[in-house]
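Participant: Spelled out from the first residue to the last, the chains are:
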Amino acid sequence: MNRLHIRKPFALLLLPGIIFLLLFFIAPLLFVLVESFKGAVGEITLFRYKEVLTDSQFRLVFVRTLRMALIVTPIAVLVGYPSAYLMTKLTTAKKSILMSLVILPLMTSPVARTYAWIVILGKYGIVNQTLTSIGFLKEPARLMYTEGAIIVGLLQLFLPIMILTLVSAMENVQEEIEEAALSLGSSRVGCFFRVIVPLSFDGLLMGVALVFTGSITAYVTPAILGGAKVLTLSTLMRQEALVLMNWEAATVIAVIMILTTLILYNGLRLFKPRTLV
Amino acid sequence: MKKSKLLILITVVMFVFLLGPFLVIIISSFSNNAVMRFPPEGFSLKWYDKVLNIEMFRSTFWMSLKTGLAATLTALVLGVPVAYANVRYRYRGKNILELVFSSPAIVPGLVIGFSLLRFFIYVTKIPVLTGLYLGHTAILFPYTVRVVSASLRNFDKGIEEAAVSLGSSPVHAFFAVVLPNIQSGLVAAFILAFITSFNNVPVSLFLTGPGVATLPIQMLVYMEYYFDPTISALSSILIVFTVIIIQSTEKLLGISKYM
Amino acid sequence: MSFIELSNINAGYTKGNPVLKDFHLSVEKGELVSLLGPSGCGKTTTLRTIAGFIMAEKGKVVVGGKDYTYLPPNKRNIGLVFQNYALFPHLSVYENVAYGLKRRKVAKELIQEKIADVLKLVSLTGFEERLPAQLSGGQRQRVALARSIVIEPDLLLLDEPLSNLDAKLRDEMRAELSRLQHQLGITMIYVTHDQIEALSLSSRIIVMNEGNIEQIGTPEDIYEQPETPFVARFIGFDNHLFGKVVGKSEEGLLVDVNGTTLVSNRSPGSFNLVKNGDPVELYFRPEDIELMVGKDNNSIEAEIDYANYQGNTTQYALHVGDNKIRAVLPGKPFTADVKSIRISISPDKLIVEKKD
Chain A
1 MNRLHIRKPF ALLLLPGIIF LLLFFIAPLL FVLVESFKGA VGEITLFRYK
51 EVLTDSQFRL VFVRTLRMAL IVTPIAVLVG YPSAYLMTKL TTAKKSILMS
101 LVILPLMTSP VARTYAWIVI LGKYGIVNQT LTSIGFLKEP ARLMYTEGAI
151 IVGLLQLFLP IMILTLVSAM ENVQEEIEEA ALSLGSSRVG CFFRVIVPLS
201 FDGLLMGVAL VFTGSITAYV TPAILGGAKV LTLSTLMRQE ALVLMNWEAA
251 TVIAVIMILT TLILYNGLRL FKPRTLV
Chain B
1 MKKSKLLILI TVVMFVFLLG PFLVIIISSF SNNAVMRFPP EGFSLKWYDK
51 VLNIEMFRST FWMSLKTGLA ATLTALVLGV PVAYANVRYR YRGKNILELV
101 FSSPAIVPGL VIGFSLLRFF IYVTKIPVLT GLYLGHTAIL FPYTVRVVSA
151 SLRNFDKGIE EAAVSLGSSP VHAFFAVVLP NIQSGLVAAF ILAFITSFNN
201 VPVSLFLTGP GVATLPIQML VYMEYYFDPT ISALSSILIV FTVIIIQSTE
251 KLLGISKYM
Chain C
1 MSFIELSNIN AGYTKGNPVL KDFHLSVEKG ELVSLLGPSG CGKTTTLRTI
51 AGFIMAEKGK VVVGGKDYTY LPPNKRNIGL VFQNYALFPH LSVYENVAYG
101 LKRRKVAKEL IQEKIADVLK LVSLTGFEER LPAQLSGGQR QRVALARSIV
151 IEPDLLLLDE PLSNLDAKLR DEMRAELSRL QHQLGITMIY VTHDQIEALS
201 LSSRIIVMNE GNIEQIGTPE DIYEQPETPF VARFIGFDNH LFGKVVGKSE
251 EGLLVDVNGT TLVSNRSPGS FNLVKNGDPV ELYFRPEDIE LMVGKDNNSI
301 EAEIDYANYQ GNTTQYALHV GDNKIRAVLP GKPFTADVKS IRISISPDKL
351 IVEKKD
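Chains A, B and C supply the protein sequences, listed in that same order.
For the first sequence, counting from 1, position 55 maps to 55 in our numbering; every step adds exactly one.
For the second sequence, counting from 1, position 106 maps to 106 in our numbering; every step adds exactly one.
For the third sequence, counting from 1, position 2 maps to 2 in our numbering; every step adds exactly one.
Check before you lean on any hint, since a few could be wrong.
Within a straight-line C-alpha distance of at most 30 Å, the following computed BS3-like cross-link-like pairs (lysine-lysine) qualify [stated by the list, open to error]:
no.: 1; chain 1: C; residue 1: 60; chain 2: B; residue 2: 5
no.: 2; chain 1: A; residue 1: 95; chain 2: B; residue 2: 46
no.: 3; chain 1: A; residue 1: 123; chain 2: B; residue 2: 125
no.: 4; chain 1: B; residue 1: 257; chain 2: A; residue 2: 95
no.: 5; chain 1: A; residue 1: 89; chain 2: C; residue 2: 58
no.: 6; chain 1: A; residue 1: 38; chain 2: B; residue 2: 125
no.: 7; chain 1: B; residue 1: 50; chain 2: A; residue 2: 123
no.: 8; chain 1: B; residue 1: 5; chain 2: A; residue 2: 89
no.: 9; chain 1: C; residue 1: 21; chain 2: A; residue 2: 89
no.: 10; chain 1: A; residue 1: 89; chain 2: C; residue 2: 114
no.: 11; chain 1: C; residue 1: 15; chain 2: B; residue 2: 5
no.: 12; chain 1: A; residue 1: 89; chain 2: B; residue 2: 125
no.: 13; chain 1: C; residue 1: 66; chain 2: C; residue 2: 21
no.: 14; chain 1: C; residue 1: 75; chain 2: C; residue 2: 15
no.: 15; chain 1: A; residue 1: 94; chain 2: C; residue 2: 21
no.: 16; chain 1: C; residue 1: 29; chain 2: C; residue 2: 105
no.: 17; chain 1: C; residue 1: 332; chain 2: C; residue 2: 168
no.: 18; chain 1: C; residue 1: 332; chain 2: A; residue 2: 89
no.: 19; chain 1: C; residue 1: 21; chain 2: C; residue 2: 60
no.: 20; chain 1: C; residue 1: 114; chain 2: C; residue 2: 29
no.: 21; chain 1: A; residue 1: 94; chain 2: B; residue 2: 251
no.: 22; chain 1: C; residue 1: 75; chain 2: C; residue 2: 102
no.: 23; chain 1: A; residue 1: 89; chain 2: B; residue 2: 257
no.: 24; chain 1: C; residue 1: 102; chain 2: C; residue 2: 114
no.: 25; chain 1: C; residue 1: 58; chain 2: B; residue 2: 5
no.: 26; chain 1: C; residue 1: 275; chain 2: C; residue 2: 324
no.: 27; chain 1: C; residue 1: 355; chain 2: C; residue 2: 275
no.: 28; chain 1: A; residue 1: 89; chain 2: C; residue 2: 75
no.: 29; chain 1: C; residue 1: 102; chain 2: B; residue 2: 5
It is worth saying that the hints were derived from the structure and are not from the lab.
The structure displayed is predicted, hence computed values, not measured ones.
Extracted from the complex, chain A is given alone in its bound form (with noise of 0.2 Å):
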């Protein structure tokens, strides 16, 4: 046998699939980025990012994209934190029955699971009916097409990511570490603050990295609770492509999505400290 055999075979085991990333995912995305700095006769130019940068519309939906992640994640993390712990205390079989329950709104279709968002904050929805029928609002309120909607919705999706990154964190903690606090006198919540946050720290930085930066691109949620009124930077970029044809300012959004979520995601999950007691 030749020595390149014995030594390397994972290589072949590599090959394929990274060249098929190199021609189908990397390469386009190469292209994209050239693209986005090349002038009208094949210069390099950063005026394409100049004119998206200073255009007051971008700059408003890019300020409005990054405050509804701002907003989304802090509760995804208060509410997710609490059921996620009672969920690593249950038996078997009632976790199982649960955790299906919360990967199920990640596995509907997200237009399905969205769409049931319009039924219930929509003009005839069941918000709107419920308080006029009570007299609280005279005539129905408009909640659609509104940030609240969108916050509402990513909230729907986004949870469950948090739930089961913080799931997954915190199930490696034992049991006896908690017992062993509480032996020597942490309450139930000085236990979980002392002992518990700080084992599952970097479950919950891979879960505010996954919410943040969903929270910035996701797509289909704000474009069927915010519409065009209430664009974000996915659904500004699609505009910008397929309703304006406007490709090269949808081409310099796309890099600067790309690079939000990049910058983001990894010094999130770098961010470290070592304790927070």
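On the provided structure of chain A, position chains B and C as indicated by the hints.
Facilitator: Here is chains B and C on its own, set in the frame of chain A:
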């Protein structure tokens, strides 16, 4: 161990928030009204009848099914060897390669679809349908690698070595000993990848064109023009299917641990 | 009233199906009591009930005159050492040991002082900044000990603390535990399934089986005078033969085994409970057997299956009729060129139990 009432309360409220909307859709799909209203008036199955009779839903359903199956199988064929190499071998640059392999799941789908459109359709003139299939394969690839890696990691390397010591070639040992034992991981990877493809909007958004649309894209288009409970009925069907898939797979495979 | 008093306890993991039923236990101040028994015997349940992780469905837990029955574990001032140590992996040795003191709002200077003292006590001075992952098994065990004694608990509970250590370390730690107990005089309850640990450490041993106490006694009592067949078997009376009572004499109880009469004069046994013709079981230790070729007092014919030389002792596998017998004798294997020999057990080493 005692569970505090506050914890239970938060969890219950959370589940009502997560799952209540699904109930709302299903109830509204039986409405007799032509305009979405809640609570619905009367009871009828006419929206279900309508869903089944709209040609565009039927054809896009098949398109989603075919794209999903083809992309999932391709992603598995590409992903299983990568997972195997990453679990069994150490090599230089592994961290970087692992990052590359997982990046299609990190880069926003919308951007992937957009770049494939720009690159292929405009530069190399690849047909839209092929672009759709390639784009889906790319985003499913990280899922198959991750799920198969997880189940390979749980499989004792010693068993495989035993097969080789008994005379199997490494390739034969892989097919005869490893694959049968990571079956549940493969099934979980298949189901997760297929559902991801079937539900995908952002990648498909740019890779659809005349005669090429997936079911979720068609639903979005329909919603722009009509505001009747047809989408409720279709959504209810999709929800019920999802529940059935989760129910069977969570029990058999514990699919939530792979997500 | 004793220092620790458990009375009429029903406790377990599922409601309505308690592991402990109507359970009583009392421990005096300064004692080291072992709960000895196989897994599932209720020893850990007892420990967790005292620690407060299991709330008794019925009965009362009193420690130092205070009713602990419904007190949550963090209010109990009980030290707990776990089988897997349960150190906080994100905290240094110092912070692990400081944990309980901080919860008790001890002043910072005093914490430093106490930690220096306790780390010296367990010979870990200089390891303050290490994380648990950077310690060996024995060192982790010491941190776990230090962490639970630094809070000056009323009571220290140890749940199989040595079972994750290798044999040599286990011996060392056993000696160290014994030293600490004498030095500090803390009341300790020690859960183990290892008879040697229990015998060498305890002032009293409580042998448990299926949620009940089989016997309470000093290590000597338990080892020499097991009161039930269960205790006998658990404490090393590994061999047993079936027989029938054929009479009583001055020498003791006469039992017929396969046509040979053996004498047992070991008290208490079942001496007064049996009458002629009752079926009985005889128990004896592998170490209490002698092998001989000729006929001797209190001996029975046996066949050697094989002998296994182990250095200072030799282990024999034999059988008497259909019963397998294990014997451990000092020195080299028996060299007589015979398959058929006799095993002899002195009458005071032979326990007779009535067979139900």
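Participant: It remains to establish, for every hint, whether it holds in the given structure.
Facilitator: Status of each hint after checking the structure:
1. In summary, the hint linking residue 60 (chain C) to residue 5 (chain B) is supported, as the alpha carbons are separated by about 26 Å, within the 30 Å threshold.
2. Distance restraint check for residue 95 (chain A) and residue 46 (chain B): the Cα-Cα separation of roughly 38 Å exceeds the 30 Å cut-off, and the hinted pair is therefore not satisfied.
3. Among the hinted pairs, residue 123 (chain A) with residue 125 (chain B) is inconsistent with the structure: their alpha-carbon atoms are about 45 Å apart, more than 30 Å.
4. A distance of roughly 12 Å separates the Cα atoms of residue 257 (chain B) and residue 95 (chain A); the hinted pair therefore holds under the 30 Å criterion.
5. The straight-line distance between the Cα atoms of residue 89 (chain A) and residue 58 (chain C) is roughly 24 Å, inside the 30 Å bound, and the hint therefore holds.
6. Proximity of residue 38 (chain A) to residue 125 (chain B) is assessed by CA-CA distance (about 21 Å); at most 30 Å being required, the pair is judged to hold.
7. Using a Cα cut-off of 30 Å, the hinted pair residue 50 (chain B) and residue 123 (chain A) holds, with the two alpha carbons roughly 24 Å apart.
8. Distance hint between residue 5 (chain B) and residue 89 (chain A) is fulfilled; the C-alpha atoms sit about 14 Å from each other, no more than 30 Å.
9. For a cut-off of 30 Å, the pair hint linking residue 21 (chain C) to residue 89 (chain A) stands: about 26 Å separates their Cα positions.
10. Among the hinted pairs, residue 89 (chain A) with residue 114 (chain C) is inconsistent with the structure: their alpha-carbon atoms are about 35 Å apart, more than 30 Å.
11. For a cut-off of 30 Å, the pair hint linking residue 15 (chain C) to residue 5 (chain B) stands: about 20 Å separates their Cα positions.
12. For the given pair, residue 89 (chain A) sits about 55 Å from residue 125 (chain B) by alpha-carbon distance, which is inconsistent with the 30 Å threshold.
13. Restraint check for residue 66 (chain C) and residue 21 (chain C): the C-alpha separation of about 22 Å stays at or below 30 Å, so the hint holds.
14. A hinted pair counts as satisfied when its Cα atoms are at most 30 Å apart, and residue 75 (chain C) with residue 15 (chain C) qualifies at roughly 24 Å.
15. For the hint linking residue 94 (chain A) to residue 21 (chain C), the alpha-carbon distance of about 28 Å falls within 30 Å, and the restraint holds.
16. Distance restraint check for residue 29 (chain C) and residue 105 (chain C): the Cα-Cα separation of roughly 27 Å lies within the 30 Å cut-off, and the hinted pair is therefore satisfied.
17. Among the hinted pairs, residue 332 (chain C) with residue 168 (chain C) is consistent with the structure: their alpha-carbon atoms are about 26 Å apart, no more than 30 Å.
18. A distance of roughly 57 Å separates the Cα atoms of residue 332 (chain C) and residue 89 (chain A); the hinted pair therefore is violated under the 30 Å criterion.
19. Straight-line distance between C-alpha atoms of residue 21 (chain C) and residue 60 (chain C) comes to about 13 Å, which keeps the hinted pair within the 30 Å bound.
20. Taking the CA atoms of residue 114 (chain C) and residue 29 (chain C), the gap is near 23 Å; set against the 30 Å cutoff, the hint holds.
21. With a CA separation close to 12 Å, the supplied pair residue 94 (chain A) and residue 251 (chain B) stays within the 30 Å bound.
22. Between the alpha carbons of residue 75 (chain C) and residue 102 (chain C) the distance comes to roughly 14 Å, so the proposed pair stays at or under 30 Å and holds.
23. Distance hint between residue 89 (chain A) and residue 257 (chain B) is fulfilled; the C-alpha atoms sit about 16 Å from each other, no more than 30 Å.
24. Proposed proximity of residue 102 (chain C) and residue 114 (chain C) is supported: the alpha carbons are some 12 Å apart, at most 30 Å.
25. At roughly 24 Å between alpha-carbon atoms, residue 58 (chain C) and residue 5 (chain B) fall within 30 Å of each other, so this suggested pair holds.
26. A distance of roughly 27 Å separates the Cα atoms of residue 275 (chain C) and residue 324 (chain C); the hinted pair therefore holds under the 30 Å criterion.
27. Our distance criterion of 30 Å between C-alpha atoms is met by residue 355 (chain C) and residue 275 (chain C), whose separation comes to about 12 Å.
28. With a C-alpha separation of about 22 Å, the suggested pairing of residue 89 (chain A) with residue 75 (chain C) holds against the 30 Å cut-off.
29. Distance hint between residue 102 (chain C) and residue 5 (chain B) is fulfilled; the C-alpha atoms sit about 28 Å from each other, no more than 30 Å.
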